[in-house]
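Undergrad: Here's the letter readout for the chains.
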Amino acid sequence: MAQVKYNYPDERGHFGPYGGRFVAETLMAPIEELTAAYHEAMADEDFLREFDYELKHYVGRPSPLYLAERWSNEIGGARIYLKREDLNHTGAHKINNTVGQALLARRMGKSRVIAETGAGQHGVASATVAARFGMQCVVYMGQEDIERQAINVFRMKLLGAEVVPVTAGSKTLKDALNEALRDWVTNVDNTFYIIGTVAGPHPYPAMVRDFQAVIGREAKSQMQEMTGQQPDALVACVGGGSNAIGLFYPFIDDEQVALYGVEAAGHGLKSGEHAAPLCAGKPGVLHGNRTYLMEDSDGQIIHTHSISAGLDYPGVGPEHAWLKDSGRANYVAVNDEEAMQAFHDLTRIEGIIPALESSHALAYAAKLAATMDKEKTIVVNLSGRGDKDIHTVAQREGITL
Amino acid sequence: MSRIAERFTSLREQGKKALIPYLTAGDPQADATVPLMHAMVKAGADIIELGVPFSDPMAEGPVIQRAMERALQHHVSLSQVIDMVAEFRKQDTTTPVLLMGYLNPVEIMGYETFVQRATQAGVDGVLLVDLPPEEAEDLLSHARQNGLDTVFLVSPTTTQDRIKRLSAASSGFVYYVSLKGVTGAGHLDVGEVLKRVGQIKAETELPVGVGFGIRDAESARRIAEVADAVVVGSALVRLVEANLTSPQQAAQAVADLISSMRKEMDAISPRSAAKMHNL
Numbered sequence: 001m002a003q004v005k006y007n008y009p010d011e012r013g014h015f016g017p018y019g020g021r022f023v024a025e026t027l028m029a030p031i032e033e034l035t036a037a038y039h040e041a042m043a044d045e046d047f048l049r050e051f052d053y054e055l056k057h058y059v060g061r062p063s064p065l066y067l068a069e070r071w072s073n074e075i076g077g078a079r080i081y082l083k084r085e086d087l088n089h090t091g092a093h094k095i096n097n098t099v100g101q102a103l104l105a106r107r108m109g110k111s112r113v114i115a116e117t118g119a120g121q122h123g124v125a126s127a128t129v130a131a132r133f134g135m136q137c138v139v140y141m142g143q144e145d146i147e148r149q150a151i152n153v154f155r156m157k158l159l160g161a162e163v164v165p166v167t168a169g170s171k172t173l174k175d176a177l178n179e180a181l182r183d184w185v186t187n188v189d190n191t192f193y194i195i196g197t198v199a200g201p202h203p204y205p206a207m208v209r210d211f212q213a214v215i216g217r218e219a220k221s222q223m224q225e226m227t228g229q230q231p232d233a234l235v236a237c238v239g240g241g242s243n244a245i246g247l248f249y250p251f252i253d254d255e256q257v258a259l260y261g262v263e264a265a266g267h268g269l270k271s272g273e274h275a276a277p278l279c280a281g282k283p284g285v286l287h288g289n290r291t292y293l294m295e296d297s298d299g300q301i302i303h304t305h306s307i308s309a310g311l312d313y314p315g316v317g318p319e320h321a322w323l324k325d326s327g328r329a330n331y332v333a334v335n336d337e338e339a340m341q342a343f344h345d346l347t348r349i350e351g352i353i354p355a356l357e358s359s360h361a362l363a364y365a366a367k368l369a370a371t372m373d374k375e376k377t378i379v380v381n382l383s384g385r386g387d388k389d390i391h392t393v394a395q396r397e398g399i400t401l
Numbered sequence: 402m403s404r405i406a407e408r409f410t411s412l413r414e415q416g417k418k419a420l421i422p423y424l425t426a427g428d429p430q431a432d433a434t435v436p437l438m439h440a441m442v443k444a445g446a447d448i449i450e451l452g453v454p455f456s457d458p459m460a461e462g463p464v465i466q467r468a469m470e471r472a473l474q475h476h477v478s479l480s481q482v483i484d485m486v487a488e489f490r491k492q493d494t495t496t497p498v499l500l501m502g503y504l505n506p507v508e509i510m511g512y513e514t515f516v517q518r519a520t521q522a523g524v525d526g527v528l529l530v531d532l533p534p535e536e537a538e539d540l541l542s543h544a545r546q547n548g549l550d551t552v553f554l555v556s557p558t559t560t561q562d563r564i565k566r567l568s569a570a571s572s573g574f575v576y577y578v579s580l581k582g583v584t585g586a587g588h589l590d591v592g593e594v595l596k597r598v599g600q601i602k603a604e605t606e607l608p609v610g611v612g613f614g615i616r617d618a619e620s621a622r623r624i625a626e627v628a629d630a631v632v633v634g635s636a637l638v639r640l641v642e643a644n645l646t647s648p649q650q651a652a653q654a655v656a657d658l659i660s661s662m663r664k665e666m667d668a669i670s671p672r673s674a675a676k677m678h679n680l
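Protein chains in written order, with this note's numbering: chain A, 1 to 401; chain B, 402 to 680.
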């Protein structure tokens with residue numbers, strides 16, 4: 001049988017029935033302008049060379065692939081390799097995308113960038129590149145998140161960004177995204193909206209994926225070099241899903257590599273207090289694309305919960321929705337407690353403090369590894385470092401710092 | 402002919418412009434809506450634009466966002482909004498009602514069910530802010546079959562090519578958003594509006610309504626001089642918000658503003674109205 005290569009999205013940004021462009025008319029023109037600029041840039045060798053240069057010298061790529069030998073031995077199953085995105089500048093995979101979009105903004109002559117942020121990681125990564133390229137930067141952040149993430153708020157301010165509190169709705173990430181869209185609609189002439197994940201109207205899901213795919217390309221060649229073969233499984237956490245797509249995408253046509261996206265089960269899928277639209281939601285339209293959502297029977301978006309602010313989002317990138325329906329990737333969920341356990345295990349056994357987001361991927365990888373032979377291998381995307389989370393962990397465990 | 406088209410034809414014969422007030426259904430509570438709609442008609446509204454509450458209203462400014470939050474505190478759903486229109490129709494069978502909202506509640510109800518239930522209840526048209534014509538095939542086909550008008554927005558950033566496409570997908574009227582930004586923001590540039598209305602009229606025979614940024618009798622008159630319909634939203638919702646404890650006072654304040662706009666708009670000489678129609 002002839003191999004049909006994976007070729008999504010289509011011209012209008014659809015991944016099967018998902019994706020697309022569901023935005024107010026005022027945004028159609030800037031989105032079309034952005035699409036044209038993005039296609040041009042991706043075909044321009046100078047642009048790609050510049051992007052690579054920044055990734056190498058500013059971000060610090062390639063990020064290492066690390067065999068977590070002691071942890072793998074303890075689990076007693078497949079060997080677990082960690083893709084160390086936590087070692088990037090600013091401490092997470094987010095910077096890969098913000099460097100790409102900032103270069104694109106500069107190419108388009110936009111002097112002002114805006115971003116939404118939940119935990120503050122994407123906000124920090126956006127403020128960082130805005131400083132690096134001399135652009136004005138405004139970051140929208142829910143009032144609740146501002147209170148929970150005081151250190152990242154201060155980091156953004158140090159970097160010269162203006163942090164605007166969002167008090168509408170649930171005062172969290174989804175509301176910050178609404179507010180950023182409102183800013184964009186008002187300031188379309190000089191403003192570039194840096195979306196932090198593989199969601200939003202086309203071309204964002206494809207564009208952010210393309211900027212993050214460096215993760216999977218590196219992992220592929222590093223695995224070849226270290227083990228002489230490709231991994232049996234990939235595991236990554238999924239909030240919006242950018243670190244997962246970044247790792248998965250270069251492997252999608254390698255069907256012998258199993259793909260696992262791990263959502264946040266919060267207090268448990270049955271409790272209703274979680275952030276797992278792929279595992280427990282249904283399709284709908286939000287923030288410019290059709291995808292799986294956490295919504296009620298009237299189509300209102302509902303409150304989500306996760307111990308990890310970066311996974312606390314009611315939607316998910318449309319490409320994940322399609323990979324789920326097509327059966328190419330598996331989506332599972334890990335609750336707060338399991339993620340905490342993985343956080344502690346990796347910290348104590350490997351001396352690596354993972355982000356709580358990444359801890360969800362680690363928790364599932366540990367379960368999966370236990371069911372696999374010792375000759376098998378798993379690559380986990382260690383998408384960020386956990387320094388930002390130590391207050392959350394301490395508070396949960398009743399420790400006053 | 403749809404109720405919306407009939408209304409525009411009859412206004413044109415009288416040399417008048419349409420006044421389209423907006424209210425958010427269920428703001429501040431469900432039983433306030435139908436009486437407020439009747440009060441609007443009595444004060445001079447030609448078409449009612451009824452906002453369907455949504456948890457994430459991306460194109461709304463703070464005033465309408467808060468109205469939607471108030472309605473959602475009582476879980477006012479699309480289904481209930483349709484029932485409100487049926488209730489309104491018991492006393493008023495002539496004033497067109499346009500539902501304005503976001504796609505997701507419609508998507509969850511299902512396009513076919515939505516269109517059937519809405520038309521049976523006496524809804525005349527629908528405007529979904531985040532549904533561009535490129536993604537609207539399903540909705541359009543059900544709407545056409547059932548005689549539900551579909552209104553699309555044209556914005557200051559819309560290209561002439563897209564104006565053509567949006568006009569082709571529209572029925573009832575075309576809605577020009579008079580400024581870049583969210584509802585309730587900014588200042589009107591009447592000259593720019595005149596120019597853009599002309600560009601839309603070059604593509605379609607449909608009437609053109611203008612909204613965003615119209616807040617008093619004076620701005621309503623200035624827009625009525627250059628367009629077929631004036632849409633007023635946040636200015637009215639603000640009055641509801643200022644009278645949360647008294648629905649009667651809210652209705653009175655809303656009626657007073659609508660009456661004053663009506664009076665100013667009707668004071669435009671028939672000659673300038675006719676000039677406009679020949680654009």
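Since the hints were derived computationally from the structure, they do not count as laboratory data.
All C-beta atoms, glycine included, are put in the ideal place defined by N, C-alpha and C.
Certain hints may be false.
Simulated crosslink set (SDA-like; lysine to any residue; CA at most 20 angstroms straight-line) [unchecked claim]:
1) K171(A) with R467(B)
2) K581(B) with K282(A)
3) K282(A) with P463(B)
4) K171(A) with Q474(B)
5) K581(B) with N187(A)
6) K171(A) with A537(B)
7) K581(B) with E33(A)
Cβ pair distances, simulated, as ranges [said to hold, decoys possible]:
8) A29(A) with E619(B): 25 to 35 angstroms
9) T371(A) with A487(B): 49 to 59 angstroms
10) A43(A) with E593(B): 28 to 38 angstroms
11) S542(B) with L48(A): 36 to 46 angstroms
12) G228(A) with E538(B): 32 to 42 angstroms
13) Q492(B) with G268(A): 22 to 32 angstroms
14) E538(B) with I302(A): 23 to 33 angstroms
15) L401(A) with D484(B): 51 to 61 angstroms
16) E225(A) with S542(B): 51 to 61 angstroms
17) D46(A) with E619(B): 52 to 62 angstroms
18) S660(B) with G160(A): 50 to 60 angstroms
19) A280(A) with D432(B): 51 to 61 angstroms
20) D189(A) with T494(B): 40 to 50 angstroms
Here are some chain B residues the structure puts well away from chain A; computed CB gaps all over 12 angstroms [as the list claims (entries may be wrong)]:
21) E407
22) S456
23) A487
24) E536
25) T558
26) T559
27) Q600
28) A603
29) R616
30) S620
31) R622
Undergrad: To test your reading of the hints: which numbers does this structure violate?
TA: Checked against the structure, the hints that fail are numbers 2, 3, 6, 12, 13, 19, 22, 24, 25 and 26, while the rest are satisfied.
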